[in-house]
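Q: Sequence:
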Amino acid sequence: MAIDALTINDPRVQHKFTTIGDLTYHYMLAKPEGTPIATVVLIHGWPDLGMGWRNQVPYLLSLNLQVVVPDMLGYGQTSAPASHEEYTVKKMSGHIATIIKEVTDQPIILGGHDWGAWFVWRLTRYYPELIRGVFSICVPYRPPQPVKVTLEQVVARAPSWRYQLQIASGTTESIVQKSPERLRAFLNTLYGGTTPEGKPAFSTAVGVIEEDLDKVRPSPLVSSEMMDFYVQEYSRNGLHGCCNW
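Numbering (UniProt numbering), first residue to last: 1 to 245.
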């Protein structure tokens, strides 16, 4: 089947906003032509948006599935509170549970990618009655730890997560938010853009590599139009909210 990806302002999706406490969530709602056989909720990762599922939504619609794709807390048109205390998995699971109940009275199929892949396992544990099936792209299930594990301890066990120390320190956002050009370069390199020498300006061992960021070329994976959209959406609230995860 040829990919018929969603475009910006695509008529196949409705843009919905819902208020949850002091927060506003934005999500895309796509309905098939007939009565849907089930609802699929898709959770994106970092640094992404609900639009990151643009290639999958049309195919799921063709299977007669209703599809719900939120911008997660801190991203896009969803609220981006400053305090990291608002980004607990339990709180955000409650937010998505509210959206699920808003769009259907039946259990849903839940899918996640990247940080969203980790999130869907926890959401399923908190609200098993809302979930009929779950899939995760790139993060296998791991049960909750019986004791608190610090980020430093995680990195000691899994050095490929060292980049998250840069994120947690605030350094990533301070580097990227120096200019709109920096933001674009950051998004380009996270989606495969490299310097003329073929070097990415991001590594899992460091995070953002500032000295290479200004030399990054356009992403080979994301069209210029879609990259403009991503830059626009990330310019709304900066990176602070999504880095609070």
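Honestly, I wouldn't trust all of these hints.
Unchecked claim - In silico DSS-like cross-links for lysine-lysine, where the CA-CA straight-line distance does not exceed 30 Å: (1) Lys148 with Lys215; (2) Lys101 with Lys178; (3) Lys90 with Lys101; (4) Lys199 with Lys178; (5) Lys148 with Lys90; (6) Lys178 with Lys215; (7) Lys148 with Lys91; (8) Lys91 with Lys16; (9) Lys31 with Lys101; (10) Lys31 with Lys16; (11) Lys199 with Lys148; (12) Lys148 with Lys16; (13) Lys101 with Lys91; (14) Lys199 with Lys215.
In case anyone wonders, no lab produced these hints; they're calculated from the structure. These figures come from a predicted structure and were not determined experimentally.
Q: Provide an ascending list of the numbers of those earlier hints which the structure does not satisfy.
A: 1, 2, 11, 12
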